[in-house]
Structures are given as structure tokens and as C-alpha cells.
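**Q** In order, the protein sequence lines correspond to chains A and B. Sequential numbering of the first sequence, starting at 1, is according to this note's numbering. Sequential numbering of the second sequence, starting at 1, is according to this note's numbering.
Hints should not be assumed to be uniformly reliable.
Said to hold, decoys possible - Which bits of chain A does chain B cover? Going by a derived footprint, with three or more residues having C-beta under 8 angstroms, they are:
no., region
1, 12-24
2, 55-63
3, 203-209
What the hints assert, rightly or not - Residues from chain B that keep clear of chain A, each with C-beta distances beyond 12 angstroms, as calculated:
no., residue
4, Gln37
5, Pro55
6, Arg282
7, Arg331
8, Arg336
9, Tyr349
10, Leu351
11, Ala424
12, Leu425
Since the hints were made in silico from the structure, they are not lab data. All residues carry an ideal CB built from backbone N, CA and C; glycine is no exception.
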Amino acid sequence: MDLLRLILWVCWVLATGIVVLVSTIAVQRGLRRRQQGRRECWGAELKEKLSGWIARGSPPREWFQHSHRRWMLLEALAERIEQEGRECARSGSCEMAGAEVVLPCGPEGEPCRGPAFFRELAERWNLVDHQAELIARRTGLQRARAVLLLGRLRQPRTVPLLARLLDDPSADVRLAAVRALGLIATPGAAEPLLALLHRREGICISIPSLQRALMSCCGNHPEVLLPHLSSLWGKRQALLMRVVAEVATPDLRPALERLATAAEPQTRAEVARAWGRLPSPERVPLLLRLASDPVWFVRVRAYRALGEVEGWETVNALLQGLDSDHPDVRQAAAETLARQPLPLDELIHVARARLTSQGWGVLLGELGRTGLFWVLSQQLGSPSQPVRQLAEQWLRAALQVGAHKTVLDTLAHPNPAVVEGVADFLARWGDERVRAALEEMIQQTPPGSRNHRKLLQVREKMALRACS
Amino acid sequence: MPWLLWVDRLLLFYYGVLCLVYLLLFIAALLSSLRHQVWVRTLPLRRLAASPLAPSVAVLVPAHNEALGIVASVQSLLALDYPRFEVIVINDGSNDDTLARLKQAFGLVRLDFFYQPQIPTAPVRDVYVSPEHHRLLVCDKQQGGKSDALNTGLNLCHSAYFCTVDADAVLNRDGLLRVMLPVFNDRGVVASGGVVRPANGCRFRAGQVEEVRLPSHPLEILQSIEYLRAFLWGRVGWSALKGLMIISGAFGVFRREVAIEVGGFRTDTVGEDMDLLVRLHRRLRDRREPYSVTFVPDPICWTEIPSNLAGLARQRRRWQRGLGEALWYSRGMLLRPRYGRLGWLAFPYQLIYEFYGPLVETVGLVAVVVSAFLGVLDRQYFLNLFLLAYLYGTFLSVAAVLLEELGYHRYRRTRELAILFGFALLEHFPYRQLVNLSRLLGILDFVRREHGWGKARRRGFEEAKPNETPAEATVLAPRAKRPEKIL
Chain A
1 MDLLRLILWV
11 CWVLATGIVV
21 LVSTIAVQRG
31 LRRRQQGRRE
41 CWGAELKEKL
51 SGWIARGSPP
61 REWFQHSHRR
71 WMLLEALAER
81 IEQEGRECAR
91 SGSCEMAGAE
101 VVLPCGPEGE
111 PCRGPAFFRE
121 LAERWNLVDH
131 QAELIARRTG
141 LQRARAVLLL
151 GRLRQPRTVP
161 LLARLLDDPS
171 ADVRLAAVRA
181 LGLIATPGAA
191 EPLLALLHRR
201 EGICISIPSL
211 QRALMSCCGN
221 HPEVLLPHLS
231 SLWGKRQALL
241 MRVVAEVATP
251 DLRPALERLA
261 TAAEPQTRAE
271 VARAWGRLPS
281 PERVPLLLRL
291 ASDPVWFVRV
301 RAYRALGEVE
311 GWETVNALLQ
321 GLDSDHPDVR
331 QAAAETLARQ
341 PLPLDELIHV
351 ARARLTSQGW
361 GVLLGELGRT
371 GLFWVLSQQL
381 GSPSQPVRQL
391 AEQWLRAALQ
401 VGAHKTVLDT
411 LAHPNPAVVE
421 GVADFLARWG
431 DERVRAALEE
441 MIQQTPPGSR
451 NHRKLLQVRE
461 KMALRACS
Chain B
1 MPWLLWVDRL
11 LLFYYGVLCL
21 VYLLLFIAAL
31 LSSLRHQVWV
41 RTLPLRRLAA
51 SPLAPSVAVL
61 VPAHNEALGI
71 VASVQSLLAL
81 DYPRFEVIVI
91 NDGSNDDTLA
101 RLKQAFGLVR
111 LDFFYQPQIP
121 TAPVRDVYVS
131 PEHHRLLVCD
141 KQQGGKSDAL
151 NTGLNLCHSA
161 YFCTVDADAV
171 LNRDGLLRVM
181 LPVFNDRGVV
191 ASGGVVRPAN
201 GCRFRAGQVE
211 EVRLPSHPLE
221 ILQSIEYLRA
231 FLWGRVGWSA
241 LKGLMIISGA
251 FGVFRREVAI
261 EVGGFRTDTV
271 GEDMDLLVRL
281 HRRLRDRREP
291 YSVTFVPDPI
301 CWTEIPSNLA
311 GLARQRRRWQ
321 RGLGEALWYS
331 RGMLLRPRYG
341 RLGWLAFPYQ
351 LIYEFYGPLV
361 ETVGLVAVVV
371 SAFLGVLDRQ
381 YFLNLFLLAY
391 LYGTFLSVAA
401 VLLEELGYHR
411 YRRTRELAIL
421 FGFALLEHFP
431 YRQLVNLSRL
441 LGILDFVRRE
451 HGWGKARRRG
461 FEEAKPNETP
471 AEATVLAPRA
481 KRPEKIL
């Protein structure tokens, strides 16, 4: 009987639970609707009156007293700071203006006041201190959100507070502090982040976020990173190097040269990436050296970086890369080579003398991806003899490495003259493999169709050629 | 009848533990879901969608006879908001004009591609690229099954992560970004899954969901409740407890390097998604490497669900077989301390409650019938237990609806919620018994070592109105097709 009573009791609890759940859903719906209505109302008021408040004094007191409205106000200001910062960056500098100036870049044709004006406004309305207090009061993710909003206000004076939050017990708050420092985006904000890298204990912060924040803080002042680069080692050096590779400027050349021989392969790979971004004639020998690095991904980075250098001096190294034992290196070299704006006849001449069948395969694959064969088939009918010869040379090279399917594919060209040209070419140079592929295609194509007729025509031509 | 008494006690114990596990999962899912909502609000999604540091992702779309919906599906994938991704469609020896439609829609040209497989697959016939859509690569290969097609995609891609998407599925525009959010913060994430929801009843426009609606067919509504329970509550809960063993193949992201290391997808199972995840867990735990597997409850993949009993039965039968196969291949993990919660909580749960569940349920029903026949059935005891099971099942379904309402609020009409509640009361009979029967047959298939996927009837997504331009075409969710694996 006890068990029965227990079951009944559980049933009663469950029935109550169901009622509670359904009521919660109903209440939640109602609350959501009500809150949404209020938010829309406040949002409309904010949108309508914010410009007036900015121009003449400050918002009414209730906008500061009510936490939700204050949050909305802060968000609106943060948005204006971001928006005007973007506009200023695009149109030139109005950062120093601090007051009404120049361009109509604000929303709905308002004058652009510059982000500094709005930062000052946030100070004047005492919103920054309010937010700092809020951070102290809140916990968990709510605290993280508050930290992030403080970061969006981009006040350099909040850097010490945010630096302290990097040691917060909550991982979310630490992450938010990193991102907030990244949003402030000044060399001063980078300092606490760089100090993290020098700590003996492990870094308990998301590395990609740290990297992003450093990139944003040091984007205009990469020299801040240099002293740290030489005093860090291993993975931490590589992390910093990734940042340097993104923000490198010509001033960093000596440091980059030094780091090209670093022990950490990841660092060397990032050096290659950084050199690729620097428009300097000295980069070629250095990149060529990195292209023969024993570690494959350093070579991949070096070949990709060589893609930024136009001209013949890199071709030999790239051709060497096509015969590499690592597929990613071959692919990187082929991609770079295919992008090079070089005369094809000379390239083919050099390449044929140097490449193995595998290297040819990779190169042709990549060139095929750029639509080269389609163009080449058109050039078979060119009035210029050198162009015709070049096209023939390439297509023959393709046949030699077994890319006959691609060549046969060009028979689908809508222009009959091109098809004629390809048919003549195949009749002249087609071997057994081409014949076999042709037969297979004839079998697969519906008899009587246009393509079928084209293929038969090629077969006929090949047979005639063989007889003669 | 002492043996009957023992069976009775055993079943009661079994059910009691199941109830406790479900309660635990619900609490974990509720907390995790609420936390996720606040977490996502702290993220700068717009900026992340253009971040150059985003890990590259290859979206793999295996397609076998998917001519009806493939173009809409690929269009929706190409419109994803993610900075670094490519879409690789693998035509797995289709007999219909899947490839022809792709060629026509995207102007594909054949690429002289040297296929160098790291995982052995069926031969690749051709690889095509689209001059207009540089993110698209289409591979035509001989038929080898879904796993083989996915392995081909794995061989073709060079990205850090790959995302598997069914050819009949439609992703939300920000779906890929959202499912990758855990990876942005932690590169130790080896797999991340998103929610799969029934597309039936929803309205689509230009390959995107325009309006979420509940399906009208009762069978589809019942499945919708199941999907809510399975994803928002089962998977989120298991993910919070760090015991997630399934990431749906219809929408899941995996780290490529590790997937290749474990040999890619297994071709001799129909539960290849679960199997891969379990093998990833196993490999990384064996190596004692820190890693994580996450489940993100808000990126949504919309997929068709069966609208007839035969399709549903076939699907559930296949899932059960896939579950059995995945568990069998990884049986070495069971109760081994090295595998932590997976070994002593998640794996036993999957085995005892998910795999043997239908069997136990059938034994329970038989025991009731035999007891009644022998005249030893305590009616009051039976009725009380029946009431308990009914109420608990309803509680779980209502809880799933609550999770949906608290977190995502997709069903905006009160009428739809009322329908969901109504069906939550009705699903226990006879829907559950029918599904149970199919799963039982799935166990039999597993024991008999049957293979193959069976045939799924397709109607496709596209039903464009004649007066609309292709870009604005309203795409209606179809009436019948293959959905996704649950729990």
C-alpha cells in the first residue's frame, strides 16, 4: 500500500508540475508581450528625442533612474560611437573634433560629431560611473554583458578597471573584459593583454579572442608588440606573431628578419605571412628561404605569401613547390602560380623543363580551375600563329599528364569553330587514352544528339589522321 | 508467481531510474538554455560574421536522387552568413537528374581535378566548379552510400572544420555562424551540433524560413513534439552534462583533422553521425587530449519529416539499427573509467534506455497482459502506474514546449501552443506503441546484420508561385520525407 501511496503522490506532484509549466508558459508569453510593448515604446521615444537630448542638455531623470532605460540609452550612445568611428575612419579624421563639425555622416543626415564627442557625453551624463557600479553589483553573464557595454563606450580611463576584471573568477567576465579592451582599441588597452602573455601560469582566456583584441588595440601601433616578441617564446610568441602578421608595417622589418629563424615553426609561418603583406623588395629572398623550410606549413605560408610578389624571381621556387611531397604545399604552390600574371609561353617552357608528371598534374588542375582550358580551346582557332602554338602546347601538356577528359570537355563549347579547332587538335595529338575516353563518351551520349555528332566527327578525323 | 513479481520489480526500477535521468536532463537543459540565451546576447554576431579569423568551414552536402530540392538547398547554403566557407555537393551516383539540375542552375564547368583521397572512397567521376559561385564545388561519384559521399567531401575539402548538411535541409542564414560560436572561443571544440526542426508546415522564401508554423497533419505534430523534446531537452541536457554522443548528421560541425585521423565516416553503418562522434570521443580520451563537444540550441536546420506511417516506421527502424551499430562498434567504452561520464553514464543510458528501451517496453506490456490473463494483475497498482507514466510523459513534453518558449519563441500563435499541449496529451497512445514497434524491428535488423537505407519518398521543397521571380519564390515545405535522428 505504501508503494501505491507513493505512486499517487508522485502523480499528484507531476500533475501540479504540468499545471505549473503550462502557467509559466502563459505568464512568460504575457510578460514577453508586455515587455516588448514597453521596449518598443521606449525605443521610439529614444529614437525621436535622442538628437534633441544630445544637442540640448540631457535626457529626463527617469532615463537614468530606470535600469532598463539607462541600458537602452547606453546602448544607443555606444552605437553612435561605433557608427561615427566607422564614418570618421572612412572619410578622414574627425576624431580630434570633439564638437560639431564637418560631414553629415550621423543617422538621417545629422552632422558628424565624431566618437570623442559621444564618449565625452557618456562621461557628462555620468553613465560610465553608473556602468562601473553596475559591474560591481552584477554576477555571472549579466556582469559580462555590463563589462562589454562599458567597453563599447571606449573610455580609456576604464582600462585599469577592465584590467582587474581579467582576473575575475568567472570565465565569461574575463572573456568580456578581453573583448572590452579590444573595443577600446588603444595601445594602453593592449598593455594588460600583453601582460597576460608574460604570466607564468597558463592563460585561462580564449586565445582567439585575445588575438582579436590585440589586433584591434595594436592595429595602428604595431611597434608596441616588438619588445614582447623578443621576450616571449614558444606558443605565446606564435600567438603574438599571428597578431603581428595581421598588423605588420614596414617599420617591423628588422624584427621580422630576426624572427624568420625562430625555433617555433608557427612563428616562422607567421613571419612568412607578415612578409607577404609588406610591400618590400627585400621580402623575396626571405620568403624563398622560408619556402624551403623543413616544416610543411611554413612552406605553405611562404608559397601563399609569394603570391603577393609578381615576376619571374619566384617562379622557380613555386615550380619546386609543385613537386613537394606534401599535398597542401603542392596545392599552395599551384594556386600561387596560377594567379601569377606571367606570359604563358615562357612559363610553359620553364615548367616543362622542370616539372615531373605529378607537378604538371597539380599545376594543370589549378589552371583548369581558373577556366584556362576553355580559353585555350578558343585560342586553337586564333589567327595569330604564336597564340595557336601556345594553346596547342598547353593542351598537349594536359594530354600528357592524363587530363584528356578536360580537353575533351571543351568540345561542349557553343562555338562550332572552336569545336572544329579542338577536333583538329585531337586528331593530330590524341593518343590511345584519348581514343578510349572518346569511345566511352560516344557510348554515354544519346545517339543522334548534337554532342554525339560532334564526338563522331572527332573520331572520324582521328581515324583519317591515323590512316594518313 | 514469483518470477512475475521479479519482472515487475525490475521494470519498476528500470522506469524509476529513467525518470530520474530525464529529470536530471531537463534541469541541465533548462539551466544551459537560459545561460546560452544570455551568452549569445554578449556576442557581436555581426562582427563575427565578417571576422577574418573565423575558422574555415566546408559544408558537405551528400545527395542521392535529390533532384527536387537540391537547387533550393544549395542556394540557401550559398547565402549563409559566414566569412569563410565553401559548399561541396557530393552527387552519390544519383539516377535522377540531380547533377543536371545543379549544372543548369549554377553553370557548372568540369574541373581537371586530381583526386587524392586520404580516406578510401568509391571512384570520383568528375569535379565541377561554378564560375558564378566561387564557394561551390560539386563532385560526381559512383554510388557508395551517404558515409562514402561524406568521406569524399572530407577528401576534397581543405578547411579546418566541415559541416554535414542533408541535401533536403535548409539552414537558417546565421545557422553556420551560430553553430560555430563555440569554436570561435575555444579551438579545442572538435564537434558542434545544432537543432534540427521539422520544416513541414513552415513557409519558405528564397531558401529561407519566412514563417514558422506547426504542421497540420497529426503525425507531423506528434513528431514535432518529439523533435522539441529530443533536441532542446535531450541533446542540450546531455551536452550540459558532457555526455553528448550524437550530433545529427543533418546539421553538425566536426573538426576535419581529427575526423580524418579516425578514418572518417564508417561506411558499414547507417548511424554514421553517432558513430563518428563516439569514435572522436574515444580517440581523444585515449590520448588524454583536452577537447570539447558542444550542442548549440539556437542554430536551426529545417528538414522534412515523414507524413505517413510507413515512412515514419522505416525511419525509426533505421535509426534504431544505426544506434545499435554505433554502440556495438564502440562497446569497449562501456563502463571504462577512462571515458569518464561517457563510459559510465551516457553509454549505459544509450544502451539500456535507448537501444533496449523498446524491448523492455514490450516485455512490460506482455507482463501486463500475462498478469491479467493469469488473474494476478493488481488493478489499482496497474492503474496508478499507468497514470504515473502518462503524467510523466506529458510533463516531459510540456517541459520541452516550455524550453522552446523560454528560449526561442518560434511558435508565435497561441493556437499552435494549444495544439502542441493537446497532442502532448495524446501522443502516448497509439503513436508511441507504433514507434516502439518500428524500433523493435530495428533491433531485429541489427541482430540480423541487415544493411541499406531503404527508399525515402521525396516531394521536394520548391513550389514556386508562377507570378514570383525565382529569387522571391515561396518555397513550401513538402508533405513527405526523411527527417533526422532523435536522442
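**Q** Hints first: check each against the structure and report whether it holds.
**A** Tested hints:
1. 12-24: Coverage by chain B holds for the region 12-24 of chain A (7 residues, Cβ < 8 angstroms).
2. 55-63: violated (count 0)
3. 203-209: holds (count 4)
4. Gln37: Not fine: 9 angstroms to the nearest Cβ puts glutamine 37 of chain B too close to chain A.
5. Pro55: Check fails; 9 angstroms does not lie beyond 12 angstroms.
6. Arg282: holds, 26 angstroms
7. Arg331: holds, 35 angstroms
8. Arg336: Label holds. Min Cβ-Cβ 28 angstroms, cutoff 12 angstroms.
9. Tyr349: holds, 21 angstroms
10. Leu351: Leucine 351 of chain B clear of chain A: closest Cβ-Cβ about 26 angstroms, beyond 12 angstroms.
11. Ala424: With a cut-off of 12 angstroms, alanine 424 of chain B comes too close to chain A, as the shortest Cβ separation is near 9 angstroms.
12. Leu425: violated, 9 angstroms
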